[in-house]
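Q: Full structure from sequences and hints, please.
In the order they appear, the protein sequences are chains S, X and A.
Numbering of the first sequence is given in full-length UniProt numbering, commencing with residue 1 and proceeding in unit increments.
Numbering of the second sequence is given in full-length UniProt numbering, commencing with residue 1 and proceeding in unit increments.
Numbering of the third sequence is given in full-length UniProt numbering, commencing with residue 1 and proceeding in unit increments.
FYI, nobody ran anything at the bench for these hints, they're computed from the structure.
A portion of the hints provided could be inaccurate.
Unchecked claim - Each computed SDA-like pair below joins lysine to any residue, with the alpha-carbon atoms no more than 25 angstroms apart:
no., chain 1, residue 1, chain 2, residue 2
1, X, 147, S, 49
2, A, 74, S, 170
3, A, 74, S, 183
4, A, 107, S, 190
5, X, 127, S, 261
All figures in this text were calculated on a predicted structure; none of them were measured in a lab.
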Amino acid sequence: MMSTARHSPLRSLAAHGILLGYTLIALFPVFVIVVNSFKNRRAIFADPLALPSAETFDLVGYKTVLAQGDFLQYFLNSMTVTVASLFFVLLFGAMAAFALSEYRFRGNLLMGLYLALGIMIPIRLGTVAILQLMVASGLVNTLTALILVYTAQGLPLAVFILSEFMRGVSADLKDAGRIDGLSEYRIFFRLVLPLVRPAMATVAVFTMIPIWNDLWFPLILAPSEATKTITLGSQVFIGQFVTNWNAVLAALGLAIVPVLVLYLIFSRQLIRGITAGAVK
Amino acid sequence: MAQRKQIRWHIAVFLAPAVLVYTAIMIVPLFGTLNLSLFNLDQGNRVFVGLRNFATLFGDPRWSDAFWNALGNNAWFFVIHMLVQNPIGVLLAALLSSPRLRGAAFYRTAIFIPTILSFVIVGFVWKLILSPIWGIAPGMLDAVGLKALFAPWLGKEEYALTTLALVSVWQFVGIPMMLIYAALLSIPDEVIEAAEMDGVTGWAQFWKIKLPLILPSIGIISVLTFVGNFNAFDLIYVTQGALAGPNFATDILGTFLYRTFFGFQLQIGDPHMGATIATAMFGIILLGVCFYLFAIQTRLRRYQF
Amino acid sequence: MGALTLTQVTKSFGRTDVIKGVDLHVDDGEFCVFVGPSGCGKSTLLRMIAGLEDVTSGDVAVDGTRINDLAPAKREIAMVFQSYALYPHLTVRDNMGLALKQAGVPKPQIAQATDRAGAMLALDALMERRPAELSGGQRQRVAIGRAIVRTPKLFLFDEPLSNLDAALRVQTRIEIAKLHRDLGATMIYVTHDQVEAMTLADKIVVLRAGRVEQVGRPMDLYNDPDNTFVAGFIGSPQMNFLKSGKLGLSSETLGIRPEHLSLDHGASMEPGRIPGRVSHVEKLGGETLVYVHTEDHGLLTVRLFGEQDYAVDEAVGMRLDPTRVFHFDAEGKRLR
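A: Set out below in structure tokens:
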């Protein structure tokens, strides 16, 4: 029997044991925060691992947070910056990747290397000059500054991954399009883009997470109240309320929950995107 | 291509937006920073000082002590990642990719969750959990009878950096796991079945068949880890502040750069020395990447399936 | 209408010359097959006719009009690709209709054209499916349908059967031949399989290393090859090449097809009999292939009709049919 030949129940049990153990380690801190953010101050300290009960349930932390910071504004700022950057990274990145993978022209290889440089060299090292540039162009404390920086930051990896995938798109298919009279632009938008959607998902994940979570550029380029991102906003808030445990826990809970919900909704696509290169 | 004779404008159109944004926002400022490191202020005027800033950074004790401290800490931070994060990532990926494992999707989803959380969340979550005031960590150690082992790890000079490195490992282990998992899935079933027929099974199969085939992925993960680590800032800043306490025990190049450039408390911001540090970091990362490209990648074989 | 003329056509990629001056005329309605080993430039030549590769020098003309600088879509050609190249996100009907839609043909006419092509290829029931829901043979027929719908001057086929299994390949080959009879259109067909070339072509063009070795009707190439390359490439199993000197003849090489050698048992040394030892026997039922090792000429193949009894290692002798031998000079050129 196949199953006994290749799969011993003991090994499968051990595998589950290890994976389950690590899953607990991964989820435990999230669990602790979310659970305690719904408890009153005394219960937080008395029994940190207990679920909130009728008598310990308390929303005082969330009330403090919502009364204090302008979290909705921060959240919208983060959304705007992330979505806009993602859009430009995917569009510009895919266009450049198509040019590099589809056409033979002088300087093709050099252009590819030039764009790939940014994968290895972090954009943060240029912060000093970026700040001067943004000051000079009056973009400090605007979301535009962040979108520009994140677009530039995301492009190298996007071009790299997408051009690898685009090389895999059947040359016959593009030629069939040319014979059918499609322009180069339509070949790109109508034939190639739909086919590299899994790769676009991969790029989207790798681009989105660091943008949403970045603290460095919001802190330096756009720290004003109107342009704070949720990451910077919660950092500042927590710094101010460091001894108010209810408020800190609630702020953390508020920061975790939206991302977590989004992640759980999209996790199948996310993971398929990451493993897309393998599962053809 | 169709019309070779005419100028193919569409190539330029496809390339232009990416190249323009990338050049203007990334490359030009990067070289601007490198350039800035060659200047300093002399009685309020910017003057060209050549490599003197670097001499100051590496040689003048007021600067060099902090620099070498940050560099050493950064190296240790990287070592912990290589020794802990990547082996755990490989182990988890290997387990996940075992055929007919039930609930693989659940494990994958759950283990990747820390990676999507921001540094702010991760930093404070662990700060609270490890806090002696709250007592989750000592309480749990007590439950297994190891309470004596507890110490306020983030507050002790000798433990703080290692603790933060492990927190960072906790956060990012999902990335090597996913990349290795993808690499393992791309090994054709026929190869694995041939190994089964040849009697190479279980761990031997992993060591002798799968590991050699995923080495290129491990190489890429290592260099990504290197770049990420020598560019890290957020986690330290969030948990320990810009002063990277206790007593600079957790100061790495990123926090050192931030403090130097923007100033902190009594220290005044210095763009020229900031640029000098950024340039030094650029050099270190470039060295590491070149080492990988020339010394390691050329020896790793890629296999076509 | 669709006569194709190539005049001194060349193609270079950088410093590598892939096509080294090809002259060719294909008549309207003719089925022309480009055949040759891989890397001979046959696909490149086809893509140059399609306009997918630019022509380095020389002229490509259809019906006397030079089309070198015309975009592929403007050349009134249709192409069937090796990998079918169906648009994965479009239905069978939309795949076939895209070119017409792109050319601004009114919808009812497109529907009419796709329906007709669908009926011709027995795809009626599959018109609303997507390529992923079709079998390999069905995809192949959609690819052909996409070509038919355009009513082109020229049909181009780039190894269209190489992704099909053996049984389907024979069946599709017959369908393509039938299609050619029904449409009467000019077709250019690229393959490395000489059986496809022999069975489909009105005219075969044998290519090697970017040059035309010989052009002719299938039986002309078989019965009257110009050189050892064509002689060896056309016909299966391959022609035997013997050293003329060892047989007391003045040419350099003597060629004879396996079916024109006769074989008998025994080791006797008679004049005109080439002795050897059987090294391998393949019995195919309808015919028997005997591989004989000889001192003077190496391994020779003999093709015998029906089932024959020869044992490995047995001593045998062969005789040539003198009316069926070809003589070649030292460069491999035919001596007539």
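Q: Hint by hint, note whether the structure agrees.
A: Consistency of the hints with the structure:
1. 147/X x 49/S: Between residue 147/X and residue 49/S the Cα gap is close to 17 angstroms, so the pair holds against 25 angstroms.
2. 74/A x 170/S: holds, 22 angstroms
3. 74/A x 183/S: holds, 12 angstroms
4. 107/A x 190/S: Roughly 20 angstroms between the alpha carbons, so the hint for residue 107/A and residue 190/S holds.
5. 127/X x 261/S: Status holds; Cα separation ~24 angstroms.
In summary, this structure violates none of the numbered hints.
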